[in-house]
Amino acid sequence: MIEIASSLVRALQSGALYALMAIGLTLTLAILKIPNIAHAEYVTVGGYVSFYLINFAGFPLWQTVLPAFIFSGVVAVLSYLAVFRPLKTRKVSMFILMVASFAVSLIIRYSIYTIVAAANWGFGVKPKVVTNVVFRIAGIPITDILLMVLPITVVVTVTLYLFMIKTLQGKQMRAVADDPDLAVVSGINVDNVAVLTFFISGGLAGLAGAFWVVFTHAHPDIGLEALIRIIAASALGGFISYPGTLIGAFIVTLAENTVMDILNRNFGLSLALKPLMPMIITIVILVLRPAGITGLFSRQPRGRVAR
Amino acid sequence: MLVVDRVSKSFKGLKALDEISINIKPGHIYGIIGPNGSGKTTLFNIITGVLKPDSGQVIFDGRRIDVLEPNSIYNLGITRSFQLPTLWLNMSVAENLMLPPKQQVGENLRKAFFKKAWETQDMQLSDMVWQTLETLRLKQVALNKSSEISGGQMKLIELGRTMMSNPKLVLLDEPTAGVNPALALEIFKIIKEIKQSMGLTYVIIEHRYDMLFANADYIYLLNEGKVVSEGSPEKVINDPVLAEVYLGA
Amino acid sequence: MDFNQLISIIVSTANFYAIWLILSLSLNYEYGYTGILNFGKVLFFSLGAYSSGFLAANLANIMAGVSFDICSVEAVQLRLDLAKAVPQLPLLVFVASLIMGAALSAAVAYLLYISTSRIKEGFVLGIILLSAGETSRIVVRNYEPVVCGYHGLVGIPNPYTAAGDPTSASFLLSITIWVIAGVAFLFINKLTATPYGRKLKAIRDNELAADIYGKKPSHERRKVLMIGSAMAGVAGVLYAYYLGFVAADDFTSLKTFDIWVAVMLGGVGNHLGAVTGSLVVTLIDRGTRVLRVFLANLSIPLETLYLRWIIVGVLMLLILMYRPAGIIPEKSIKTLGLLRIIERIKREKT
Ligand SMILES: Nc1ncnc2c1ncn2[C@@H]1O[C@H](COP(=O)(O)OP(=O)(O)O)[C@@H](O)[C@H]1O
Ligand SMILES: [Mg+2]
Numbered sequence: 001m002i003e004i005a006s007s008l009v010r011a012l013q014s015g016a017l018y019a020l021m022a023i024g025l026t027l028t029l030a031i032l033k034i035p036n037i038a039h040a041e042y043v044t045v046g047g048y049v050s051f052y053l054i055n056f057a058g059f060p061l062w063q064t065v066l067p068a069f070i071f072s073g074v075v076a077v078l079s080y081l082a083v084f085r086p087l088k089t090r091k092v093s094m095f096i097l098m099v100a101s102f103a104v105s106l107i108i109r110y111s112i113y114t115i116v117a118a119a120n121w122g123f124g125v126k127p128k129v130v131t132n133v134v135f136r137i138a139g140i141p142i143t144d145i146l147l148m149v150l151p152i153t154v155v156v157t158v159t160l161y162l163f164m165i166k167t168l169q170g171k172q173m174r175a176v177a178d179d180p181d182l183a184v185v186s187g188i189n190v191d192n193v194a195v196l197t198f199f200i201s202g203g204l205a206g207l208a209g210a211f212w213v214v215f216t217h218a219h220p221d222i223g224l225e226a227l228i229r230i231i232a233a234s235a236l237g238g239f240i241s242y243p244g245t246l247i248g249a250f251i252v253t254l255a256e257n258t259v260m261d262i263l264n265r266n267f268g269l270s271l272a273l274k275p276l277m278p279m280i281i282t283i284v285i286l287v288l289r290p291a292g293i294t295g296l297f298s299r300q301p302r303g304r305v306a307r
Numbered sequence: 001m002l003v004v005d006r007v008s009k010s011f012k013g014l015k016a017l018d019e020i021s022i023n024i025k026p027g028h029i030y031g032i033i034g035p036n037g038s039g040k041t042t043l044f045n046i047i048t049g050v051l052k053p054d055s056g057q058v059i060f061d062g063r064r065i066d067v068l069e070p071n072s073i074y075n076l077g078i079t080r081s082f083q084l085p086t087l088w089l090n091m092s093v094a095e096n097l098m099l100p101p102k103q104q105v106g107e108n109l110r111k112a113f114f115k116k117a118w119e120t121q122d123m124q125l126s127d128m129v130w131q132t133l134e135t136l137r138l139k140q141v142a143l144n145k146s147s148e149i150s151g152g153q154m155k156l157i158e159l160g161r162t163m164m165s166n167p168k169l170v171l172l173d174e175p176t177a178g179v180n181p182a183l184a185l186e187i188f189k190i191i192k193e194i195k196q197s198m199g200l201t202y203v204i205i206e207h208r209y210d211m212l213f214a215n216a217d218y219i220y221l222l223n224e225g226k227v228v229s230e231g232s233p234e235k236v237i238n239d240p241v242l243a244e245v246y247l248g249a
Numbered sequence: 001m002d003f004n005q006l007i008s009i010i011v012s013t014a015n016f017y018a019i020w021l022i023l024s025l026s027l028n029y030e031y032g033y034t035g036i037l038n039f040g041k042v043l044f045f046s047l048g049a050y051s052s053g054f055l056a057a058n059l060a061n062i063m064a065g066v067s068f069d070i071c072s073v074e075a076v077q078l079r080l081d082l083a084k085a086v087p088q089l090p091l092l093v094f095v096a097s098l099i100m101g102a103a104l105s106a107a108v109a110y111l112l113y114i115s116t117s118r119i120k121e122g123f124v125l126g127i128i129l130l131s132a133g134e135t136s137r138i139v140v141r142n143y144e145p146v147v148c149g150y151h152g153l154v155g156i157p158n159p160y161t162a163a164g165d166p167t168s169a170s171f172l173l174s175i176t177i178w179v180i181a182g183v184a185f186l187f188i189n190k191l192t193a194t195p196y197g198r199k200l201k202a203i204r205d206n207e208l209a210a211d212i213y214g215k216k217p218s219h220e221r222r223k224v225l226m227i228g229s230a231m232a233g234v235a236g237v238l239y240a241y242y243l244g245f246v247a248a249d250d251f252t253s254l255k256t257f258d259i260w261v262a263v264m265l266g267g268v269g270n271h272l273g274a275v276t277g278s279l280v281v282t283l284i285d286r287g288t289r290v291l292r293v294f295l296a297n298l299s300i301p302l303e304t305l306y307l308r309w310i311i312v313g314v315l316m317l318l319i320l321m322y323r324p325a326g327i328i329p330e331k332s333i334k335t336l337g338l339l340r341i342i343e344r345i346k347r348e349k350t
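Protein chains in written order, with our numbering: chain A, 1 to 307; chain B, 1 to 249; chain C, 1 to 350.
To be clear, the hints were calculated from the coordinates, so they are not data collected in a lab.
Hints may be right or wrong, so weigh each one.
Claimed, not checked - Dumping the calculated DSS-like pairs for lysine-lysine here, alpha-carbon to alpha-carbon at most 25 Å: (1) B:LYS192 x B:LYS145; (2) C:LYS331 x B:LYS111; (3) C:LYS223 x B:LYS139; (4) B:LYS15 x C:LYS346; (5) C:LYS331 x A:LYS91; (6) C:LYS84 x B:LYS145; (7) B:LYS226 x A:LYS166; (8) C:LYS84 x B:LYS192; (9) B:LYS192 x B:LYS102; (10) C:LYS223 x C:LYS334; (11) A:LYS91 x B:LYS192.
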């Protein structure tokens with residue numbers, strides 16, 4: 001029982017981070033119609049910023065969060081300015097944007113490989129962070145990292161949600177998401193909206209990466225390994241829904257960890273099959289509810305329309 | 001022939017079609033008019049299966065078609081043109097016209113391997129294409145990429161594709177928009193000729209009322225997703241509702 | 001470098017090229033002709049390879065009536081001994097692998113396709129295929145019963161063990177690879193230089209118009225993805241038999257990307273483009289490996305294996321921005337009917 005409860009707590013922790021990672025993918029897709037595979041690399045970038053600051057500059061973990069956010073945000077904006085914007089002005093299809101994002105992801109990942117190799121940081125090194133159990137609830141250990149991750153996630157997601165609803169920039173982002181052509185004629189500077197979207201998306205991924213690197217290790221592939229969960233979470237949100245993506249991230253991690261733990265304990269299912277879970281969930285959702293788990297509230301039918 | 005029965009369709013709460021009913025009988029030319037946004041194109045989208053109605057039904061030759069996919073509806077004999085040209089842009093004009101004919105043997109995955117099975121048919125098609133090109137005066141651009149021709153010529157290909165599809169019912173969405181007046185007159189002449197020689201039925205959305213009224217047998221006037229007036233061209237012209245709709249009174 | 005070494009480098013490059021060519025042709029059929037965003041190419045490639053390893057290992061166990069762990073040293077020895085004792089066996093298993101690789105890939109393609117078929121946006125299928133490819137790699141790397149997880153499965157015997165000496169056996173295998181690639185090229189060419197190919201391009205260019213004019217976009221795409229995936233599965237079988245071993249970590253989405261570069265560089269919707277593009281990609285791939293050894297000998301601390309991906313990524317972006325049509329741009333499908341129109345127009349002009 002206690003194992004299951006602690007597995008739940010761990011799932012909560014990873015769920016929060018996957019949520020932060022996946023929000024950005026959904027935002028760029030919903031607002032700018034760019035299926036950006038390179039999004040996973042912003043996680044890696046944030047992870048390495050945090051790793052570097054902790055291991056080589058002696059920062060405590062919590063102080064690396066903001067630099068990781070900013071650095072990854074800037075990398076994301078650069079990928080927009082250097083690649084996606086020029087392609088968008090050429091009016092290429094969404095497919096081509098996705099192919100381009102594939103290229104961007106390799107460029108970022110292998111630049112990191114090159115830097116890590118050249119600087120001799122080593123691959124798969126753990127950041128020097130000591131995790132302490134602060135207290136126990138009914139025997140379930142609660143660590144200080146969990147106490148950092150959860151509040152930050154809640155604050156960030158709520159703030160972003162309010163930002164989208166209340167502020168002018170947020171409203172502009174939603175207007176662009178609804179109808180980019182209409183937004184242009186209404187005098188919205190779509191380019192500014194795009195830069196802001198990329199900064200926030202990349203920043204959140206980087207922020208998540210700063211913690212993620214502590215749970216895993218510093219390696220240029222950590223973003224790639226997270227990618228299948230990021231995609232699953234976003235798919236559960238129908239690739240357009242903000243709350244859907246958040247809930248999706250928790251469902252994915254619960255299924256991958258807690259449910260698989262239970263299956264393993266009771267039916268001897270190999271834990272090596274864990275990564276199948278996000279895929280299975282994604283496919284089940286796409287078949288049963290193509291508009292995502294929040295599809296019930298979605299405003300418009302998906303699909304093509306002739307004019 | 002075609003019955004649209006109390007069809008409604010909304011987008012985000014905006015009612016594009018509001019319990020609309022129309023009845024198309026074979027062998028006539030029908031005109032559909034109405035201000036921008038009155039739901040004309042949406043009506044075509046519903047009939048051809050691009051959109052599914054929220055309520056109501058569409059019946060063609062005694063069969064319910066609003067549950068079918070566009071390709072099945074096409075094979076039953078309904079063809080349409082688009083208001084904004086929707087061509088196969090990476091292909092030449094001639095290829096755009098070679099695609100519509102039904103039951104092309106060479107389009108079948110298995111039979112494609114056997115040239116003999118489809119080459120004669122392909123040659124016959126090319127004769128049809130040639131005729132269409134001649135009729136529409138498109139010969140000089142036949143081999144150009146369809147993305148590299150003028151907007152008016154694109155509209156002509158839209159029309160040409162419907163001519164290539166051997167249908168029973170043709171829906172034309174503003175066939176003369178962006179075409180010069182002389183050619184527009186010509187287009188209506190062609191439509192009339194085809195109708196007479198092949199016994200087709202046309203439903204035409206058109207903003208050139210003079211030409212439409214001179215050629216159509218029956219007019220539907222749409223406003224805000226409803227039919228607000230219908231009847232012979234003379235009747236609709238003289239209906240006070242027409243002025244009302246257009247002056248927004 | 002002596003003569004024999006040179007020959008062996010040329011032969012191995014030709015083998016890799018032939019395998020890449022099959023993959024590029026199939027992607028060109030899927031994306032270039034039909035507009036399917038297959039970002040999971042490597043998944044179907046790997047299914048072919050896994051089938052080979054799995055069959056070779058388990059059939060050997062069954063034949064010998066033992067139940068060794070397929071990853072154990074005994075099992076490897078058994079496979080090789082059995083191949084020597086019954087020299088026809090490896091060829092049979094090879095043929096069985098080809099069938100299973102193709103069928104399994106087509107079946108998985110079918111399942112993944114229909115799972116997204118209610119969604120019209122094509123990028124969703126692309127994302128799902130990408131995700132499926134990564135998922136399968138991660139699972140197979142950790143789950144030993146398929147092909148020995150992290151360590152990979154070694155000891156897939158050469159199908160032509162019956163030929164006697166290893167040199168002739170591997171030469172025969174190379175010939176087989178080239179012949180299959182050649183057949184794939186002819187097959188795809190013959191299939192698409194037809195009204196069928198034209199129909200696929202219509203679906204790619206404008207799905208709505210194709211649907212309105214009676215083509216069945218979803219139905220056709222599904223079939224194309226299944227055929228293309230079967231081809232990739234066959235390529236995977238050839239790859240596994242050529243290397244003689246299979247490891248999950250060999251099948252990252254980097255392979256998928258290479259094939260995309262080949263198709264986009266060569267020219268979309270054009271089989272000669274795939275032929276050219278995959279040659280360039282093969283040369284880059286083999287070249288960096290040679291260069292790496294060369295640099296290491298000079299003790300220059302530059303990791304070409306990393307640099308290679310940055311270069312290929314930039315190359316892809318340059319193609320997309322400055323030469324979207326690729327080296328050999330797409331041409332019309334000249335069926336007899338179209339040729340006739342072309343002729344008539346020429347005649348009118350003179
Ligand atoms: N796909 C769509 N999504 C949202 N609104 C639409 C869509 N298609 C049409 N509309 C709206 O429905 C109304 C009717 O449009 P339409 O049928 O195109 O009018 P018409 O062809 O008569 O000009 C318009 O207000 C239009 O904005
Ligand atoms: Mg309209």
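Do the hints match the structure? See the list:
At most 25 Å may separate the alpha-carbon atoms for a hinted pair to count; LYS192 of chain B and LYS145 of chain B exceed this at roughly 29 Å. Taking the CA atoms of LYS331 of chain C and LYS111 of chain B, the gap is near 23 Å; set against the 25 Å cutoff, the hint holds. Pair hint LYS223 of chain C plus LYS139 of chain B does not hold up; C-alpha atoms about 36 Å apart against a cutoff of 25 Å. Restraint check: the Cα-Cα separation between LYS15 of chain B and LYS346 of chain C comes to about 53 Å, which exceeds 25 Å; the hinted pair is violated.
With a C-alpha separation of about 22 Å, the suggested pairing of LYS331 of chain C with LYS91 of chain A holds against the 25 Å cut-off. With a C-alpha separation of about 60 Å, the suggested pairing of LYS84 of chain C with LYS145 of chain B is violated against the 25 Å cut-off. Between LYS226 of chain B and LYS166 of chain A, the direct Cα distance comes to roughly 38 Å. Violation of the 25 Å bound is thereby established for this hinted pair. With a C-alpha separation of about 80 Å, the suggested pairing of LYS84 of chain C with LYS192 of chain B is violated against the 25 Å cut-off.
Restraint check for LYS192 of chain B and LYS102 of chain B: satisfied, since their Cα atoms lie roughly 23 Å apart, inside the 25 Å limit. This hinted pair checks out: LYS223 of chain C and LYS334 of chain C have alpha carbons roughly 23 Å apart, not beyond 25 Å. A C-alpha spacing of about 40 Å is found between LYS91 of chain A and LYS192 of chain B, which places the hinted pair above 25 Å, so the restraint is violated.
In summary, the numbered hints that this structure violates are 1, 3, 4, 6, 7, 8, 11.
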